[in-house]
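Colleague: Chain by chain, the residues run as shown.
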Amino acid sequence: MALLEVKNLEVKFPLRQGELTALRDVSFSLDRGERLGIVGESGAGKSVAAFAILNLVSRPGYISGGKILFEGRDLAGLSRSELRTIRGNRINMIFQDPMMTLNPVLTIGTQMIECLRAHRRITPAAARQLAIEKLRAVSIPSPEARIDQYPHELSGGMRQRVVIAIALLTDPSVIIADEPTTALDVTIQAEIMELLLELCEHNNVALILITHDLGVVSQVTQRAIVMYAGRIVEEGATRRIIDSARHPYTQGLINALPERTRPGQRLNQIPGVMPSLMDIPQGCAFHPRCQLRIDACQQQLPAYSGSEHARVACLRVDEQERAQ
Amino acid sequence: MIAFLIRRIGQALVVMFVISLLSFSIQDNLGDPLRELVGQSVSEAERQALRDQMGLNDPFLAQYWRFLRKAVQGDLGNSYFFKRPALEVIMEKFPATMELVLGATLIILLLSVPIGVYCAINPRSWFTRVMMGLSIVGISIPVFLTAIMLIYLFSIHLGWLPSYGRGETVMIGAWESGLLTWDGVLHLILPSIALSSIMLPLFIRLIRSEMMEVLEQEYIRFAWAKGLQRRRIWFLHALKNTLLPVITVGGVQIGTMIAYTILTETVFQWPGMGFLFLEAVNRVDTPLIIAYLIVVGLIFVVTNTVVDLIYGLVNPTVKLTRGLA
Amino acid sequence: MRYWRLFRKSAFLYRFRKDKVAVASFSVLMLLVVMSFSAPLIAPYDPYDPVQIDIMDSDIPPSWQAEGDTRFALGTDAQGRDMWSTMLYGTRLSITIGLFAVLLQSLLGIALGLVAGYFGGRIDSFLMRLADIQLSFSTLMVAIVVLAVFQASFGTELYNELALFMLILVIGIAEWPQYARTVRASVLAEKRKEYVDAVRVIGLNRRRIMFRHILPNTLSPILVISTVQVANAIMSEAALSFLGLGMPVNQPSLGSLINSGFEFILSGSWWITTFPALLLVVLVLVINLLGDWMRDVLNPKLYKE
Amino acid sequence: MSSQAVAAEKSAAEELLRVEGLSREFPLTSGLLEQLRFEGGKLVRRQESVRAVNGVDLQVRRGEALCVVGESGCGKSTLARVVMGLIRPTAGSVRFEGTRIDNLSAEKLLPFRRKMQMIFQNPYASLNPRMTVKQTLEEPVRFHSPGIGRAALGDKVNDVMRSVGVDPGWNERFPHEFSGGQRQRISIARALMTDPEFIVADEPISALDVSIQAQVLNLLMEAQEQRGLTYLFITHDLSVVEHFGTRVAVMYLGALCELAITGQLFSRPRHPYTQALLSAIPRLDQERPSHMKLMGEVPTPINLPSGCFFHPRCVHAQDRCRHELPKLFDSGDGTLVACHAVQEGRLD
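Protein chains in written order, with the working numbering: chain A, 1 to 324; chain B, 1 to 325; chain C, 1 to 305; chain D, 1 to 348.
I should point out that these hints are in silico values taken from the structure, not numbers from a laboratory.
Counterexamples of contact, computed for chain C against chain B with all Cβ distances above 12 Å:
| id | residue |
| --- | --- |
| 1 | V23 |
| 2 | F26 |
| 3 | S38 |
| 4 | P40 |
| 5 | P50 |
| 6 | Q65 |
| 7 | E67 |
| 8 | L103 |
| 9 | L107 |
| 10 | R122 |
| 11 | F165 |
| 12 | R192 |
| 13 | R208 |
| 14 | L219 |
| 15 | P248 |
With a cut-off of at most 25 Å between alpha-carbon atoms, the simulated DSS-like pairs for lysine-lysine come out as follows:
| id | chain 1 | residue 1 | chain 2 | residue 2 |
| --- | --- | --- | --- | --- |
| 16 | D | K156 | D | K115 |
| 17 | C | K18 | A | K12 |
| 18 | B | K70 | B | K83 |
| 19 | C | K191 | D | K108 |
| 20 | D | K134 | C | K191 |
| 21 | A | K67 | A | K7 |
| 22 | D | K134 | D | K115 |
| 23 | A | K67 | A | K12 |
| 24 | C | K193 | D | K134 |
| 25 | C | K191 | D | K115 |
| 26 | D | K115 | C | K193 |
| 27 | D | K156 | D | K134 |
Selected chain B positions facing chain A (Cβ under 8 Å, derived; list incomplete):
| id | residue |
| --- | --- |
| 28 | K240 |
| 29 | N315 |
| 30 | T317 |
Since we're looking at a predicted model, the values are computed, not measured. Glycine included, C-beta positions come from ideal geometry on N, C-alpha and C.
Please build the complete structure, drawing on both the sequences and the hints.
Modeller: So, in structure tokens, the structure goes:
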């Protein structure tokens, strides 16, 4: 049995202009210790999917359908206090912008200790000791002093290390990282990513990495999901997706990267923009931008073909592959 | 810390300078001091001689300087009406006003925080809707009207509470307190409610909107993701951040509160500084007006400093002690 | 600009139409404005004309009460003036003072706010420090002190003549920091945006950037606070008049009417206070409701700094 | 690769923009009050400032795309703004076609304003929300050629809109009706309206999605070819630089570390910081993060280290690096490097 299984998840946002479906029919699973990447551009729904797992979709969004099975229990059906035993305990999160993630008026120590005390019977002194240990584990110099500082006294990279330390405090089974390095500088990004990867491997923590950066996905994850306009369009082993993507969108996304074109040449751009979730086109959401579209793409929502962990939602995929 | 101190002192000096200038020009303009001393029957020549003797013909700066020197020593002249030192008269009324402000502040603090927080947490509940509706009505009713309505309802109609004066008071040293007798407390109830009537809805709305903004922040979302208890998220993580702007605004509102004491004290004939001030205005009792202005100026300076200090204590990113370390 | 107005109007109007409270508030406000400004036409009596006032008619309760008089629908005050007519004229005065005081405030405040926000540096810190100090004293305090001193210095007679102008002047000047801070904050926020750099790169001069690019983008917050400020100005005027520092008895605003009735409330003449008070509260309430609604719709960043 | 080298050589002759010894400090403590400190029982006045740009020398050659790369706080945006005359430098000079422009009055600067334009990072803030596309595009032309007829202006707007791929029929629309990518196109259109020779692009694609980035980058390259534009391209994204830049300048804490032809920089980075930066780019062909480890954190530009600004994080740092600020020198093949280790041959 998979550690975490998301089945037919649907998330809606009731807005003034009508109800917006942010996630449609999203299913995926995660095994113990596995690292899964969720890739997509802004508005694709990748962050919503991540937050929906812990029922943390920002208001007024809500989970309107589907199941989130964690060790066989449906998280969507849990009471608040039951959910609390999972949230921040078994499944932890790392947010995008470390400048915004930590509470500015509480010390690092307070924000770490409260986490332990919320989930375990532990004395404040013991919790503090554990917190210092975790700070050391994420290579924060002189953690005994840092623990009593406020977030604004730390640099962005340091703060993200603190956030990672908080995520590791309770020895979780899953860490969901939502663009954990996007807000950081290139050199810091690389360090944080490596740290995160090492810690997950070392502690056998499963990782869901939400990102728009295919390079990061390639470096860190074993399996990847590509999302477009609120739906999964492709899933597969990371290497396979990057080397031979099957969905035209995934192909376009990878080929649009500068490193896929010789310097000075035009990049392979995908025409058009991702549709707003308010008016997703009929049929395949990608068809207006797709070079391979046929008439059927405009009416028919493509079903997934392939196996559970290597699937693609495109009507033309078979033809395309036969042709190759 | 140095910057803070210097700025505070600077601000205090500016405030007191403006007040002293204002006071001095009042003194210069209002009523001829000679008339107070001698009658109409004294001849013009004698008047001139007296003027010279009293320094009233000295240059402006010299007169102002003399006024300042005396003022700093606490000598603001005798009240024309009470025939006693004006500062003394004002300070006698100081406790009454302070107790009124204290009562109103307590009401505001005790009600606005819980109501504001509740309304922020449950934006859709019926209680929130009612409170929001009531608060905008509350903001729209002038303090003196609330006061009149309270008197009409609770004193005249129901006869539950006294409508004017302080009731029985007790002297604690030089402080005349109405808080220690049951009668005094009863007398304090209506004026305190009236004084808090505009500020309370204002604070409820302020706390609610600030808190709602804070609840949208990433760090609150992160706190939820950490699996903390709701109470801890609301009352520690969110409330502490909410209070920062509230403290700032609160500091500004202290001035408004003092101003409203004039209205409240007038309606309830509360024997405080505001009531006395208005009487002084009507009687053109210049030294008393000046004394009032100076005391009020000092109150502002002190409270603003205290508010800044509190802000510095709550907000770790403001370091008052920087530079001392 | 034309297109903008067209577009903005439609969205604005759409949300206005959908909000019952806003529509109701606006209607009531318009009704009050129209009625009070056509007071000379619709009021049965002219309270400013001594010929029409008979002291024998004083203290008559509203017409539906036993001792009422059908000539005076809402009764008369202690001087024998028809309440209804006096209230209409009083509302006109209150609204006039409110509007002109806000006009003065906004002119002063916007000008100083623009200067502070755009030039920054010493001018900015000086103006803002000044605003801080004045704000900490509160409008009402400043107004009370200034009016009290004025009244004491120049005597009640002269004061009564000049009351209208003094009120507008004092409320107008005392509230400039509100505007200045709001304008300054939004100018600073706009100035940081890249579109301002873009026009600087084109080479436009400061004045043109200020008035053509930055100022239009600070209009939403100005509009929102202007609404609330009118309500505040009317309240301040009422408070000052109540203290006897506002409009004189022979030319009463709503505040002075309430004040004049206050002495008689104990003797049972409740109507002299109650009717103007109700009118005042309704007037201020609908303006506040409109301001609230506008804040929700325009959603400007009302900067706290 | 070869096309870049050819372009670099061709343009070597003609210099369009020259920046010399450029520095810019921002005083951090505005008032006198904040500068006062108690130190050792005495009242001391200490002025702190952010040293955003520290003595940058740079030439932009006609027709090239010079990319300036660096992490946040390295002063690359400040450099761009100083070049554009939005900020005055505290020291040094900026010359455009041989004329010194950094000290010109607003009036005297006008002829240069026409020739130099700028594209900004944030497509949501770089267009005035209260102006239609048409108004935004017309303004620069109206300002610089007041005599232009209405019809000619309209044609020009339409032409430019078409050339950036925005339907001219949409010119009465407001910015909020467009997507981020389209806004960036409009922003580019505004810059092109005065027919400039030189465009400073400050992170023009970093706020955009991957698929849109490619569109905008292609557009910029097209415009360069058709109009013979010269770019000063500010970015933090090295993969874009490799694709787009003729030459690359790497900045760290307000100073240049390395300046080289793009191909050379990527195949043979000299400065240890450049090496670290290059190794940090996540690439599709990597299966694990692999990057050169740097020590510590990026210091703030407030308290700059003595000597080489990079020495506290550099594994090759020696005593000389701690005391002596390295100067740019030609390492042989035209690559300019500011590193003692490279100069001494300790580091290739």
